[in-house]
Amino acid sequence: GAVVSQHPSRVICKSGTSVKIECRSLDFQATTMFWYRQFPKQSLMLMATSNEGSKATYEQGVEKDKFLINHASLTLSTLTVTSAHPEDSSFYICSASTELAEAFFGQGTRLTVV
Amino acid sequence: KNQVEQSPQSLIILEGKNCTLQCNYTVSPFSNLRWYKQDTGRGPVSLTIMTFSENTKSNGRYTATLDADTKQSSLHITASQLSDSASYICVVSEEMYAGGTSYGKLTFGQGTILTVHP
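Keeping their order, the protein sequence lines are chains A and B.
The first sequence begins at 14 in the working numbering and counts up by one.
The second sequence begins at 68 in the working numbering and counts up by one.
It is worth saying that the hints were derived from the structure and are not from the lab.
Glycine is no exception: its CB is placed at the ideal position from the N, C-alpha and C atoms.
If you want a taste of the chain B side facing chain A, the calculated C-beta under 10 Å gives, among others:
no. : residue
1   : Val71
2   : Asn99
3   : Gly108
4   : Ser113
5   : Ser154
6   : Thr174
7   : Gly176
8   : Gln177
Only chain B is shown next, with the shape it has when bound in the complex (with noise of 0.2 Å):
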């Protein structure tokens, strides 16, 4: 069974801060893995995707990594700040076909909520 799997669970840092959220998976066939940033009560926003050629991502201040190998991915937040408190969600996606087209079938992990205090 395809799962994600991320860690920690919850996390609570001060504004400034340094962290990383940890991310590990068993979708095959893998075709890319996303990290998704969700505010309470929003749909969530891309913030990376690499596929299976990339080991590292940057988008501002989030980065992130993937060793496809040990299929495993973290993403690294650089000075948080208190914008920064929300649900991180890591998604993994196996390529897959329908009528003709394909699309990604995504798993989700449970996220990581973070918060970010003052």
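Chain A extracted, bound-state conformation (with noise of 0.2 Å):
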């Protein structure tokens, strides 16, 4: 099956500092990304969805200028977490979608942020 590849897959960083996630479809172009945020017990909640070339929707309730995305091109989007607080410490996962509508999730990324 698709593989995508999410990296890193743990950070700890200090409170104020930006955090960069990547989120790659090794083996198929994504036409559109997804980017979710996940508490421990509770299932993912989308952030926001962007398609390649155009900019990302965000879902309600997610400051856009606090999470970044870039989606360059049809094989890499970014989630930036901007001047990051413990509140932010979370689980991020990404998926990417093919022309099919089958979406393939990323291993996850655990933010902790001290």
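Hints are included, so try docking the two chains, each in its own frame, into the full complex.
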């Protein structure tokens, strides 16, 4: 099956710094990529949807200036958490969608802000 | 509002036993329904995907059913193994269009946490 690679798998950063998470589709071109956030024992919460070459569409309540999404190519999307704070600590997961609307998930990134 | 509800919230079974997880949804327009397995600290992995016209699909010891009329789905796990311990998530997709391409907007259930004991 298709592979989506997410990097890094874990990151610890100081409060106030920015962190970039990469999501790559390794063997297919992803027309659409999604970014999710997951709290412990809860389901995935969609943060934003991005189509290659256009601005991301953010879900209600998600600050676009805090969670910067760039989908510059058909195989790479990045999520930058700017000026991170402890409450941003969470598990972030990306997924990439093919033209057949099948979705494949990355391995996730555990962000801890100290 | 599109919703996906799963039951039970958690389930504990003994190794070798069978179990069935339930999923009810109100997503419209419906495109497909997927079951994912998510191990702790990992991304979800697809088990099955069913469209409107499919009412059953198997993947090894996993068998999913879909009743599009009642908007219900189930995931049956046969002869459970310790490695089946995970969260099982029902996800319903509605087809969306943006910029000339289609993609599935996913609505996630809360998941069922399955624990298999030896």
